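Engineer: Sequence:
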Amino acid sequence: MNLQREQDDQAYLRTLSVLYVEDEDDIREELAVFLRRRVATVHTAANGRAGLDAFSQYRPDLVITDIRMPVMTGLEMAERIRAINPATPVIITTAFEETRYFQKAIELGVDQYLTKPLNLDSLAAALLKCARLIRAETALREVEERYHLLFQLSHIAISVAETAAAIGDRPNALIADGQITDCNAALSSLLGYARQDELTALQFGDLLMPEALGRVNRLIRDELLLRGFSSECEVDLRHRDGRAVPVIVQFILRRDAAGQAIETWAVMRDLSEQRRAEHALRLAAGVFDNADEAILLSDRDNRILSVNRSFSRLTGYAQAEVIGRNPRLLQSGRHGPAFYAQLWETLLASGHWQGEIWNRRKEGEVFPEWLSITAVRDSQGQVLNFIGIFSDLSQIKAATQEIEFLAHYDPLTRLANRRLLEDRTGQLIALAARQHSQLALMFIDLDRFKVVNDSLGHATGDAILECVAHRLRTTMREVDVLARLGGDEFVCVLPEIAETREGSQALVVARRLLKVLNEPMQIAEHALTVTSSIGISLYPTDGVDYETLLKQADAAMYSAKKTGRANVMCFSPSMNLALEQERQLETALRHGLKTQEFELYYQPQVGIGSGRLIGMEALLRWTSEDLGPLTPGNFIPVAEETGLILALGEWVLREACRQTAHWQRQGLPPVVIAVNLSALQFRQSQLPEIVRCALHDNALAAQWLELELTESVIMQDAESAIASLRFLKEIGATLAIDDFGTGYSSLSYLKRFALDKLKIDLSFIQDLPQDRDDAKIVTAIISLAHALNLKVIAEGVETEAQWNFLRDHDCDEIQGYWYSQPLPAQEMEAWLRREGRTGD
Numbered sequence: 001m002n003l004q005r006e007q008d009d010q011a012y013l014r015t016l017s018v019l020y021v022e023d024e025d026d027i028r029e030e031l032a033v034f035l036r037r038r039v040a041t042v043h044t045a046a047n048g049r050a051g052l053d054a055f056s057q058y059r060p061d062l063v064i065t066d067i068r069m070p071v072m073t074g075l076e077m078a079e080r081i082r083a084i085n086p087a088t089p090v091i092i093t094t095a096f097e098e099t100r101y102f103q104k105a106i107e108l109g110v111d112q113y114l115t116k117p118l119n120l121d122s123l124a125a126a127l128l129k130c131a132r133l134i135r136a137e138t139a140l141r142e143v144e145e146r147y148h149l150l151f152q153l154s155h156i157a158i159s160v161a162e163t164a165a166a167i168g169d170r171p172n173a174l175i176a177d178g179q180i181t182d183c184n185a186a187l188s189s190l191l192g193y194a195r196q197d198e199l200t201a202l203q204f205g206d207l208l209m210p211e212a213l214g215r216v217n218r219l220i221r222d223e224l225l226l227r228g229f230s231s232e233c234e235v236d237l238r239h240r241d242g243r244a245v246p247v248i249v250q251f252i253l254r255r256d257a258a259g260q261a262i263e264t265w266a267v268m269r270d271l272s273e274q275r276r277a278e279h280a281l282r283l284a285a286g287v288f289d290n291a292d293e294a295i296l297l298s299d300r301d302n303r304i305l306s307v308n309r310s311f312s313r314l315t316g317y318a319q320a321e322v323i324g325r326n327p328r329l330l331q332s333g334r335h336g337p338a339f340y341a342q343l344w345e346t347l348l349a350s351g352h353w354q355g356e357i358w359n360r361r362k363e364g365e366v367f368p369e370w371l372s373i374t375a376v377r378d379s380q381g382q383v384l385n386f387i388g389i390f391s392d393l394s395q396i397k398a399a400t401q402e403i404e405f406l407a408h409y410d411p412l413t414r415l416a417n418r419r420l421l422e423d424r425t426g427q428l429i430a431l432a433a434r435q436h437s438q439l440a441l442m443f444i445d446l447d448r449f450k451v452v453n454d455s456l457g458h459a460t461g462d463a464i465l466e467c468v469a470h471r472l473r474t475t476m477r478e479v480d481v482l483a484r485l486g487g488d489e490f491v492c493v494l495p496e497i498a499e500t501r502e503g504s505q506a507l508v509v510a511r512r513l514l515k516v517l518n519e520p521m522q523i524a525e526h527a528l529t530v531t532s533s534i535g536i537s538l539y540p541t542d543g544v545d546y547e548t549l550l551k552q553a554d555a556a557m558y559s560a561k562k563t564g565r566a567n568v569m570c571f572s573p574s575m576n577l578a579l580e581q582e583r584q585l586e587t588a589l590r591h592g593l594k595t596q597e598f599e600l601y602y603q604p605q606v607g608i609g610s611g612r613l614i615g616m617e618a619l620l621r622w623t624s625e626d627l628g629p630l631t632p633g634n635f636i637p638v639a640e641e642t643g644l645i646l647a648l649g650e651w652v653l654r655e656a657c658r659q660t661a662h663w664q665r666q667g668l669p670p671v672v673i674a675v676n677l678s679a680l681q682f683r684q685s686q687l688p689e690i691v692r693c694a695l696h697d698n699a700l701a702a703q704w705l706e707l708e709l710t711e712s713v714i715m716q717d718a719e720s721a722i723a724s725l726r727f728l729k730e731i732g733a734t735l736a737i738d739d740f741g742t743g744y745s746s747l748s749y750l751k752r753f754a755l756d757k758l759k760i761d762l763s764f765i766q767d768l769p770q771d772r773d774d775a776k777i778v779t780a781i782i783s784l785a786h787a788l789n790l791k792v793i794a795e796g797v798e799t800e801a802q803w804n805f806l807r808d809h810d811c812d813e814i815q816g817y818w819y820s821q822p823l824p825a826q827e828m829e830a831w832l833r834r835e836g837r838t839g840d
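What the sequence shown shows, in my numbering, is residues 1 to 840, in sequence order.
Mixed in with the good hints there might be a few duds.
Claimed, not checked - Pairs of lysine to aspartate or glutamate, EDC-like flavour, derived with a Cα cap of 20 Å:
1) LYS729 x GLU708
2) LYS551 x GLU586
3) LYS104 x GLU79
4) LYS129 x GLU6
5) LYS397 x GLU356
6) LYS104 x GLU76
7) LYS594 x GLU640
8) LYS729 x GLU719
9) LYS791 x ASP808
10) LYS515 x GLU489
11) LYS116 x GLU29
12) LYS129 x ASP111
13) LYS562 x GLU582
14) LYS551 x GLU582
15) LYS116 x GLU6
Stated by the list, open to error - Here are the computed distance ranges between Cβ atoms for each label pair:
16) GLY336 x GLU525: 54 to 60 Å
17) ARG590 x GLU689: 22 to 28 Å
18) THR548 x GLU356: 41 to 47 Å
19) ARG218 x GLN4: 24 to 30 Å
20) GLU402 x GLY316: 24 to 30 Å
These aren't lab readings, by the way, just hints derived from the structure by calculation. Because the structure is a prediction, the values reported are computed rather than measured. All C-beta atoms in this analysis are idealised placements derived from N, C-alpha and C, irrespective of residue type, glycine included.
Based on the sequences and whatever the hints tell you, model everything.
Structural biologist: Listed below in structure tokens is the structure:
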């Protein structure tokens, strides 16, 4: 074995280069020959200076030098070489055995010291010894280089700190005094330092966050000093920017030959990615469990591994009930094998499938869902899992159906709307044309619906419309088309009406329907009677298309309204002319309001006993720019039907107050002004405020204003009327019932109404005193009024005989042509100046 080692050393020696420095030429040449037989390369020099230059140039593995030489001694050269490369072996040869040379050689760390004359065997042995040294140091250097390379290239952060000698006495000495002597690039990168030397200027404790100090000290005390290494521990390091960097650290203690602690290695693995992954995993788990969509995870055999809460909410199955089962437990039975085969074919081919599918909940309900399935594959493309995500489409389907419904049906009544009516009517007309049969279109409009809607509110109006729709459904046939055009307008289309107009089945149906529609309705606390007017047109007699039939039925309906409402009319060509005239009148009304074409006339009211003026009634007159003079009987019904009566009535109220206040400021005798209120005005919730404003804006005291309402208006909703009259009474105005006797009044209500006066309708006055029935009625009204402490005024008094009768039967006041016709404001002012005397 020693022989083999020597042979290996000899072989290694032959790979080395040697620098031989000798000032004696003979010896140098002789020994150079000897060396060339044993080493790879020999360089020679004659003195120390030349030797140093040769060393710098050739960098030999070994140096042999004499001591005493000119220019520079061998020891001086050796010292210089040691400064350049301390690892290069140096052999000294000398003929002088002086102690001072020997001592200097030892100080320089000379490897061999040989005396001259040289013994070649001794020189050969010295060469082998140096070869072994060079070989060992080279191997060590390679190990160190490999270590350093691994140290620097390692992804694990490593620091080396010197360990204080007193660590046994102070376990925290590593933290307090442990200077970092080395670290790798991974650590500097981890902590944000550009250069490693920035870290080696710190102590290990500087790398720790404050809260980690105690934990690290415990590791050192309890584990590192006892075992030489510690268990792994998670701590937070301090990044250069101050933030915490989580790592898992293990400490390893290195001791010298005497067992003294000299270094502590800290091996640290960055946990940032792991923490981020854990956070992402927690986040994904949170998303999975709290997602609105149902999520199902199955294995490659499609056995359910996990489901989230939304899955349980949507399907009714708890997680424990489905784990390990196949998702086919949700199948609804609505899809055949071909559907599922296509689904799986697409999923396995592309890795994804999505679409609408019907599944079944645990309790059996079938529901639509939007399902998305994804196949999860490994790096070899093999399926690992399937992920199914689905959402319940029930609400979306319902909303879609509702949108589809609203596109063709009225949302309030659920009857067909105008678009669907036109489509269905067109189909029925085409069918009637093929079958040579008749078809009827009925146009239904609720009488005075606007008055009720504006006075009692839209909620009550909507309830009335719903009630009408219900009555239509229960009265008409299934084959009939029922629709709401909008507002209070309805249409019924009746196919297969084969009779002639004289005996039309449509007319019979319309009359029966009218009877049903006119029955009283109980809407909340209101008992209401809302009548209807119906117009009928027939196919093909009155038209052969939808638009024409609708137009003709509309004209017939308006004719029915003009005859007194609550009526049925079949279309005739003359109706279009009447309808057009009515529409012209509406246009003229709007124009007249805008351009102030209206004016007030005033008719005096006198005390029957004294003959003195006690008040006057404001009467509306209109001279249209386009239509000329028109009586109230011509335009008031249209104003009421269109709602223009509200604007017109407010103008009358304000103008009457303005004119009366003006006369009072002129010093004329103050008199009460009577103003009629329409049904629509009376139903307005803001009427008291309108009255207050009219009085206030004109500085007129409420005692000079009288408000007249017809008996039918008050009795339409008596309970509401009681409250409304009370509000008006609180303002201070006088309240009177106009046209008394023409309606139906309850005595119990009359007693509760906050009234001041009854006005006897002129229809009972005009035949007095000859008509005994009228005489009895008038006498009874006067007695009733006085019994209720109400004053009585008779309108339409035109003869002395009528005056005398009313005076003899204790009527309080009269109004009529016998005393004075209605006068325009200017003439009334002149009349007041001339004859105005007030009071009884």
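Engineer: Please list, smallest to largest, the hint numbers that this structure does not respect.
Structural biologist: Hints 15, 19 not satisfied by this model.
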